[in-house]
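Enquirer: Listed below are the residues making up each chain.
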Amino acid sequence: MPLTPMEIYKLLPKTNCKKCGEQTCMSFAFKLINREKKLEDCKPLFEEKKYEIQLKKLQEMLKPLEKATETGLIVNEALCNGCGNCIVVCPVHVEKDPRGAGVGKGPTIADPIYRIENGKLIVLNMHACRRYGKSRILCVVCRENCPTDAISFLEG
Amino acid sequence: MICTACSCLCDDVFIEDGKVLNACKRGFEHISKFKENRAIPRVRGGTVDVDKAIDEALELLKSSKKPAIYGLDTSTVEAQRLAIKIARKLGCFIDDNSSFCLGDFVEMILRKEVPTTTLDDVRDYAYVIIYWGANVYQSLPRHMSKYTYYPRGAKRNRGYDEDRYLVVVDVRKSDIAKLAKKNAKFIKVERDLELVESFIMAAEGKAPKHIEVVEILREMKKSELNVLFGGLGLKYGLGDTKILAEMINKVNSYAPLAFLPAGFHSNMRGFNETLFEDVGFVNKFSFAENRSDQRFAFTELLKEEAIDCAVIVGTDPVASLPFDISRKLAKIKTIVIDPKDTVTAKLADVVIPSAYSGIESGGTMVRSDGVRVKLEPLEKAEIDDVYILKRILEGL
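The listed protein sequences correspond, in order, to chains D and A.
Under this note's numbering, the first residue of the first sequence is numbered 1, with each subsequent residue one higher.
Under this note's numbering, the first residue of the second sequence is numbered 1, with each subsequent residue one higher.
These aren't lab readings, by the way, just hints derived from the structure by calculation.
Small disclaimer: the values here were computed from a predicted structure and weren't measured.
Worth double-checking, as some hints may not be accurate.
[Stated by the list, open to error] Covered stretches of chain A, going by a simulated chain D footprint (3 or more residues, C-beta under 8 Å):
#1 25-31
#2 137-147
[Said to hold, decoys possible] Dumping the calculated DSS-like pairs for lysine-lysine here, alpha-carbon to alpha-carbon at most 25 Å:
#3 K96/D with K35/A
#4 K155/A with K120/D
#5 K19/A with K120/D
#6 K25/A with K67/D
#7 K221/A with K155/A
#8 K155/A with K181/A
#9 K96/D with K19/A
Heads up, the beta-carbon is just placed ideally off N, CA and C, and yes, glycines get one too.
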């Protein structure tokens, strides 16, 4: 299930205490997903006993965040078959490697985003992804063309 | 190197720092685990050396009245030629897995009953791509990304969502059916024949039962190359290739449509082509009667107990055929030529260990579209299929 700020907000104290440095709990939830803030920044959640169950649920919920790369990408290797659809459809690969990944071969450039190693998808160079950095766009082409949903993104 | 795990024969696979790059999961397992579970030369359970095993195989073949040669789908064309020579010398049966796989489709193409194309042309020019009864995500993992739907080709350079039209026909929502989203169609069929008839009717200008077909034909008209990939689902769904050939030719009178088989072992088409060049049939051939017949398929020969000795090359009938058929192998003498210690090898009278074509031994293989590919092996084994079959041929 995709992780949304609203799902996180529901479990936060919702008191807008501003102890984390944010104006509202909702904006704290957003920053949690973008990994600009950590759950530990929410002091009441850890200090007050009545939030104990909520804290546990949140920690469980945010576990995929640790696995995800900076662009929110999660690759489930157990589901990957190494078909390479994601590599060939990636617009960045097509632009940088028109004679390699662009025409269906394995990437021939030195720093591709993805590569198939030992029959599994490996994330090599996240910084080239269109989802990375300040002027990012929420491209999901690789996920759209994975038949087994081995690729997922945090926001869904 | 060339990956010989399936009939795609991917040419961009290589090994760097101990990692296999670009190969799919199937290819990786094939390339990385070739040293495991190797066959050892055996005669009736006892370990011997290779020469003794070959001599024993020769004895068995000489004393046999009705032998058969079976398999060869992962061997090179060179080895297949030798096996056909042996079969001719013995006047025996020869067959491979294509008799219950896609041999009929290859025969249709070799007899020029339907127009065909190559995967490179599909990548460069094809617009409508139909997968019928084939879930290539499992059988040929890189088929779509390397050759058909996803790559940008010479005349198809705007990407899959604009420059391709995908049609998936299957009885269930298969893995690749999930990819049929924009500019694509998934047709769930109960009976393949109904859809084949719909194509024929639509091409004749009549209203078909499956109305989607009209739109597909209209899309086909936009391009000079469209392709239909037929899998095992189509073969067993129809049971007969005549109506399929009729459909493809009917559609061609309206819009271009080429046909290619999708599936099978690395060099199954190679076996079909080699035998076709020699005798004019693709499989299940008897050199004694000089003709091909359904009764000469290896499965039928076993069922009818029509043979007394079998040379099994690079395949594992005990593991792959139904038990009712494979248990008959116990009644006959079996000679297994295989790099792997398969279940069949464990039960065989004579086992001659061979080498993996494409990894340890070179030669030529034929891709599923008929393009011949020269293998680039990692090492050079002394004893491979060609060596063993040559020794047998000389010894007879």
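Enquirer: When you check the alpha-carbon spacing of K19/A and K120/D, does it fall within 25 Å?
Expert: holds, 11 Å
Enquirer: Just to be careful, I want the Cα atoms of K221/A and K155/A compared with a cutoff of 25 Å; is the pair within it?
Expert: Answer holds: K221/A to K155/A is near 16 Å, not above 25 Å.
Enquirer: Tell me if the straight-line CA distance from K96/D to K35/A falls inside 25 Å.
Expert: violated, 38 Å
Enquirer: Verify the proposed pairing of K25/A with K67/D, using a straight-line Cα cut of 25 Å.
Expert: holds, 22 Å
Enquirer: Are there three or more residues in the segment 137-147 of chain A whose C-beta lies closer than 8 Å to some C-beta of chain D?
Expert: Since three or more residues must qualify, the claim that chain D covers the segment 137-147 of chain A holds, with 8 doing so at under 8 Å.
Enquirer: Are the Cα positions of K155/A and K120/D separated by 25 Å at most?
Expert: Status violated; Cα separation ~31 Å.
Enquirer: Between K96/D and K19/A, is the straight-line Cα distance small enough, at 25 Å or below?
Expert: Holds, because 24 Å separates the two Cα atoms, which is no more than 25 Å.
Enquirer: Verify this for me: three or more residues of the segment 25-31 of chain A with a beta carbon less than 8 Å from a beta carbon of chain D.
Expert: Result for this restraint: holds, n = 5.
Enquirer: Compare the distance between the alpha carbons of K155/A and K181/A with 25 Å, and conclude whether the hinted pair is satisfied.
Expert: holds, 22 Å
In this structure, the earlier hints numbered 3, 4 are contradicted, and the remaining ones agree with it.
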